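There are 4 protein chains.
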Amino acid sequence: MQFNTNKAIYLQIADLFCENILLKKWKENERIPSVREIAVDLEVNPNTALRSFLLLEEKEIIYNKRGVGYFVSEGGYNKTLALKEEFFINNDLPELMKTLNLLSLTIADLEKLSKGSKKF
Amino acid sequence: MQFNTNKAIYLQIADLFCENILLKKWKENERIPSVREIAVDLEVNPNTALRSFLLLEEKEIIYNKRGVGYFVSEGGYNKTLALKEEFFINNDLPELMKTLNLLSLTIADLEKLSKGSKKF
Amino acid sequence: MQFNTNKAIYLQIADLFCENILLKKWKENERIPSVREIAVDLEVNPNTALRSFLLLEEKEIIYNKRGVGYFVSEGGYNKTLALKEEFFINNDLPELMKTLNLLSLTIADLEKLSKGSKKF
Amino acid sequence: MQFNTNKAIYLQIADLFCENILLKKWKENERIPSVREIAVDLEVNPNTALRSFLLLEEKEIIYNKRGVGYFVSEGGYNKTLALKEEFFINNDLPELMKTLNLLSLTIADLEKLSKGSKKF
DNA sequence: GTGGTCTAGACCACC
DNA sequence: GTGGTCTAGACCACA
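Residue numbers (the working numbering), protein chains in the order written: chain A, 1 to 120; chain B, 1001 to 1120; chain C, 2001 to 2120; chain D, 3001 to 3120.
Hints should not be assumed to be uniformly reliable.
List time: in silico PhoX-like cross-link candidates among lysine-lysine, alpha-carbon distance up to 20 Å [to be verified]: (1) Lys1084(B) - Lys1007(B); (2) Lys2098(C) - Lys3065(D); (3) Lys1065(B) - Lys98(A); (4) Lys98(A) - Lys1007(B).
Simulated restraints on C-beta separations [stated by the list, open to error]: (5) Asn3045(D) - Glu43(A): 35 to 43 Å; (6) Asp3041(D) - Lys1059(B): 38 to 46 Å; (7) Asp2109(C) - Asn3045(D): 33 to 41 Å; (8) Glu43(A) - Glu2030(C): 53 to 61 Å; (9) Ile3107(D) - Glu2030(C): 26 to 34 Å; (10) Glu28(A) - Leu1105(B): 19 to 27 Å; (11) Leu3016(D) - Lys1024(B): 27 to 35 Å; (12) Lys1098(B) - Asn2045(C): 39 to 47 Å; (13) Ile3107(D) - Ser1104(B): 26 to 34 Å; (14) Pro3094(D) - Glu2030(C): 43 to 51 Å; (15) Asp3015(D) - Asp1041(B): 35 to 43 Å; (16) Asp3015(D) - Asp2109(C): 18 to 26 Å; (17) Pro1046(B) - Asn3029(D): 20 to 28 Å; (18) Asn64(A) - Pro1046(B): 40 to 48 Å.
Derived by calculation from the structure, the hints in this document are not laboratory data. Predicted model only: the values in this text are computed from it and were never measured. Positions of the beta carbon are idealized from the N, C-alpha and C atoms, including for glycine.
Please build the complete structure, drawing on both the sequences and the hints.
So this is what it looks like as structure tokens:
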């Protein structure tokens, strides 16, 4: 996996985990890969991988069974969605509106731009 | 001014400068506040303020007259606009589309959200 | 049963056993539940349950009859009491006094607090 | 400094910080020693020391000024006190009452015990 | 096998 | 100078 250099790796891994939950690749009460597996797969140090787990555990999106591994929390999907939505509304969206304003663009323009872009 | 802890202060100040230019608060060939004034106003270390100036000078959005101060470049408005647009298309927009997808939102939803938000 | 995540499960189970002995739920020379029963009841790994038994066996609070099961030792009550008392005096009590000091509380305050608390 | 082997060092350091705040050795809005200083003083790895800072920052007891250091939060004293009190009421106290009950002791007995102990 | 802690030390961005 | 991240790897307790 490639990591963006502008953001801490462990945060990018945490985002990846959230994505997996939101995309239902990881289901509630299911065990997720071990710290070591993630570390090997993503080619990062186990410590770095662990930080991602700890971050999401603290947000109660995942939980730990001692000696067994990490699991997606009951309600983890909704919690993840709520967190991401809240962040979007309070941070991304205001930022977006401000940028649109500065660039003299409207939301309607986004449709065209997103289609024109090679990224989609 | 409050700064976001996740982004370098000097970058946030540079963004602020760009905003002022795009909003025509700072016009081309007009002198902008000194490093010292900015540092005092925003309560930051003068070194930090200076970095913002140097960054924008390097992008030729502002220029320096020795012993006089910093000025918005001829064409600084368009340069700023171009930079912001490019960044928006290549970075913000793909990011936005991905987030919308994860949150099961569409561009159309943004209209409502942006109106419902207290931020506007 | 809920376990505290900050303390090893097997230690919490051992504490539970001691409680049963001190409360005379388990009497001297009486057979106590098997490792397997404990494991099922408390929903823990049999290995974990076994460690609790071994710990108390080592302290001679319980003993094992091969093929039969575990029993509370002759004198197990007093032994448990003595251990708990010693630990209380040497560990809990100093810790308590320090905490009281930091919180500007006195032993006298404990009376009121313990009554006010919903836990009792 | 000696550390208790039963508890993570970074937690013991965090406790120490709380003590300093409760004892008013560290006052609100005052800078506290740097991560490196703590690491050297307590003879631990800077990483370990940092964990203590991060823990307390997350609880908003201390805050960070970029490139400057950590400071006790406005209201940090009360926050620390509240946290410690809450923990005491919800954890230490029930535990204590249970232990007293098992040992056939009363709160009144604590007075004598605490005086008799060599620790005071 | 699992995670959790810790060390030693590097590198970096930032002030 | 400050903190923040990351690696490499050890050691341990626990299940």
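Now the hints, each set against the structure:
1. Lys1084(B) - Lys1007(B): Holds: Lys1084(B) and Lys1007(B) sit about 17 Å apart, inside 20 Å.
2. Lys2098(C) - Lys3065(D): violated (32 Å)
3. Lys1065(B) - Lys98(A): violated (31 Å)
4. Lys98(A) - Lys1007(B): Given pair Lys98(A), Lys1007(B) holds - Cα atoms ~17 Å apart, limit 20 Å.
5. Asn3045(D) - Glu43(A): 35 to 43 Å: About 25 Å separates the Cβ atoms of Asn3045(D) and Glu43(A), which means 35 to 43 Å is violated.
6. Asp3041(D) - Lys1059(B): 38 to 46 Å: holds (45 Å)
7. Asp2109(C) - Asn3045(D): 33 to 41 Å: Distance hint for Asp2109(C), Asn3045(D) holds at roughly 40 Å.
8. Glu43(A) - Glu2030(C): 53 to 61 Å: holds (57 Å)
9. Ile3107(D) - Glu2030(C): 26 to 34 Å: Holds - the Cβ-Cβ distance for Ile3107(D) and Glu2030(C), about 32 Å, lies within 26 to 34 Å.
10. Glu28(A) - Leu1105(B): 19 to 27 Å: Check passed, 22 Å falls within 19 to 27 Å.
11. Leu3016(D) - Lys1024(B): 27 to 35 Å: violated (55 Å)
12. Lys1098(B) - Asn2045(C): 39 to 47 Å: Roughly 41 Å apart at Cβ, these two residues keep to the hinted range, so it holds.
13. Ile3107(D) - Ser1104(B): 26 to 34 Å: Given a distance of about 57 Å, which is not inside 26 to 34 Å, the answer is violated.
14. Pro3094(D) - Glu2030(C): 43 to 51 Å: Distance hint for Pro3094(D), Glu2030(C) is violated at roughly 28 Å.
15. Asp3015(D) - Asp1041(B): 35 to 43 Å: Between Asp3015(D) and Asp1041(B), where Cβ atoms are some 41 Å apart, the hint holds.
16. Asp3015(D) - Asp2109(C): 18 to 26 Å: holds (21 Å)
17. Pro1046(B) - Asn3029(D): 20 to 28 Å: holds (22 Å)
18. Asn64(A) - Pro1046(B): 40 to 48 Å: The hint (40 to 48 Å, Cβ to Cβ) holds, given that Asn64(A) and Pro1046(B) are roughly 47 Å apart.
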